[in-house]
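Colleague: Sequence:
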Amino acid sequence: MSSQSGLLRTRRFAPLFHTQLLGALNDNVLKNAMVVLLTFQAASWTTLQPGMLANLAAGIFILPFFLFSATAGQLADKHDKALLARFSKMLEIGIVLIAGAGFALHSIEVLFASLFLMGLQSTLFGPVKYAILPQHLKSEELVGGNALIEAGTFVAILVGTLLGGLLAGAAGGTTWITATGLVIAIVGYLASRAIPVAAPPAPTLNVSFNPFTETWRNIQFARSNQTVFLSIMGISWFWLFGALFLAQFPAYTKDILGGSETAVTLLLATFTFGIGVGSLLCEKLSAGRVELGLVPLGSIGMTVFALDLAFASPGTPSLEPLGALALLNVGTTWRVLIDLTLIGTFGGFFIVPLYALVQQRSNSEHRARIIAANNILNALFMVVGAAGAAGLLAAGLSIPMLFAVAALCNAAVAVFIYGLVPEFLLRFIVWVLIHSAYRLRVQGMDSIPETGPAIIVCNHVSFVDALVVTAACRRPIRFIMDHNIFKWPVMGFVFRTSKAIPIAPAKEDPVMMECAFDTAAQALKEGDLVGIFPEGRITDTGEMYPFRPGYMRILERIDTPVPIVPMALQGLWGSFFSRKDGPAMTKPLRRGLLSRIGLAIGAPLAESATPDELQQTVLALRGDTR
36 MSSQSGLLRT RRFAPLFHTQ LLGALNDNVL KNAMVVLLTF QAASWTTLQP
86 GMLANLAAGI FILPFFLFSA TAGQLADKHD KALLARFSKM LEIGIVLIAG
136 AGFALHSIEV LFASLFLMGL QSTLFGPVKY AILPQHLKSE ELVGGNALIE
186 AGTFVAILVG TLLGGLLAGA AGGTTWITAT GLVIAIVGYL ASRAIPVAAP
236 PAPTLNVSFN PFTETWRNIQ FARSNQTVFL SIMGISWFWL FGALFLAQFP
286 AYTKDILGGS ETAVTLLLAT FTFGIGVGSL LCEKLSAGRV ELGLVPLGSI
336 GMTVFALDLA FASPGTPSLE PLGALALLNV GTTWRVLIDL TLIGTFGGFF
386 IVPLYALVQQ RSNSEHRARI IAANNILNAL FMVVGAAGAA GLLAAGLSIP
436 MLFAVAALCN AAVAVFIYGL VPEFLLRFIV WVLIHSAYRL RVQGMDSIPE
486 TGPAIIVCNH VSFVDALVVT AACRRPIRFI MDHNIFKWPV MGFVFRTSKA
536 IPIAPAKEDP VMMECAFDTA AQALKEGDLV GIFPEGRITD TGEMYPFRPG
586 YMRILERIDT PVPIVPMALQ GLWGSFFSRK DGPAMTKPLR RGLLSRIGLA
636 IGAPLAESAT PDELQQTVLA LRGDTR
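Quick note on the working numbering: the sequence shown kicks off at 36 and runs consecutively.
No wet-lab data here; the hints were simulated from the structure.
These numbers come from a predicted model, not from an experiment.
Hints should not be assumed to be uniformly reliable.
In silico DSS-like pairs for lysine-lysine, Cα to Cα no more than 25 Å straight-line [what the hints assert, rightly or not]:
hint, residue 1, residue 2
1, 534, 522
2, 319, 173
3, 534, 560
4, 534, 615
5, 542, 522
6, 522, 615
The whole structure should be built from the sequences, with the hints applied where relevant.
Modeller: Structure representation (structure tokens):
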């Protein structure tokens, strides 16, 4: 499995990363330089007020996302994405030259035209950069690749914002802005030339240029999978949430903290640093998988620390504006900076798995158009968020209280999404339970088919065996479980949410047993994974009990062959949840937290495998580590 640093050394990822990084850098250099110049030199260029110009500029930049995202998605599904990336970078070079003409002529009209074209270029490149990742990266590399893209983007935003402001204030600034933008665009174009070919999934697609009908069609593509659509809604909410915070930093620094212009940079850098750290940590915390359990963790952290930021904000600012270094000597500043760092970090936990999930679960023929729908909704949410924040502030709400309102809304959005798609909450519970108690090492994950049905068979060592296997597997598994476990408060919720299948012994409830076999067979016909512990009980000796032929009764109900994937749990015997030295959970915690356990997965076996053959295979996988 490639690490994040390893991806940066591969041709299938590094050129795209550098192209995206340089594009985001250039966008922010030009946009921020333009805003600064319009703010401080507007009187000599136009009769419009600086505040109106800044808001007008923001609207002009975002307008192409509404008008052309649908077309961009179609083009990315129809044509080679590498060629589209090169075209967008060539367009960027031309845009810089147009912006340079606007600076030289002191023409608001030309500058706004270049700003509109910048938005158009970003609109065209958006579906390319996200839809190309699943074509060039392995499934286990998606989280790492998205983490690098997100971290790089926010670093580019920070550096571009700072550089644009510095260039705008320098002597001969307009010349420096144009020259810098041109160099960045040319280097970005050269990087794009190394992006490998990405074959179009729908080369015969007839492109429609009607933005309204195609926008609706793209949204319908996204809505065809509820989990994908709600992930897009979550991504859009994140951009609303983050943009709301970023937009308040200047006024918050001046009016609440009593800081100067340099202190605004300190807050921006802190927030951006947090998002970068959270994004990069995602791969390590998720072990390279698309770990949905990090999404609720992210939303909880964003809510908690946004609320704390509201209450940590000082009531009375300094009388004299303080620079960044002077502000650090004020005690309350550190709590504010820690809150901003952690809001960003948990935001990274929230956003990276969602992007990877959308890429992984979208229909490949529509993926770019689904990404386009995501971009449209992102833009819409940011506009609505900005309007809502402006309205609340105009009504007299303070900025700290605006942060508190955003935090509470974040919690409400999270509850809404997790209520509709319990898989997020399920993965969070499993992730917390497993990672708080064990360090799990998995071998042979490639033996589990990426798609299609399979029966998972495993030895049964403890009460958390199904949770361990669930935590290790990238695909959901429908386990056949003793019906009594569904009565447990937490475990019952987990297994009901994961659509586990209750079963009872024939002597206790023969109807339930037959129903369980029928349900499992139907799940396999629908292409699901079905998990079973053939021993039928948790070991109380550490050795495996004979495997029962229940899985064969499931296979009898299916007409097509289904592979059997053997697994062996290692290191759980003697743990708190096993039956060594008495019933589980009635003895002290004999082994420390984060003890090492393993899951060994063998090559799939034919459905004709007998229970004895299965048991011997699992025994060999387990080895001497019980």
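Colleague: It remains to establish, for every hint, whether it holds in the given structure.
Modeller: Results of checking the hints against the structure:
1. 534 with 522: Status holds; Cα separation ~15 Å.
2. 319 with 173: holds (16 Å)
3. 534 with 560: holds (15 Å)
4. 534 with 615: violated (29 Å)
5. 542 with 522: holds (20 Å)
6. 522 with 615: holds (23 Å)
The earlier numbered hint that this structure contradicts is number 4, and it is the only one.
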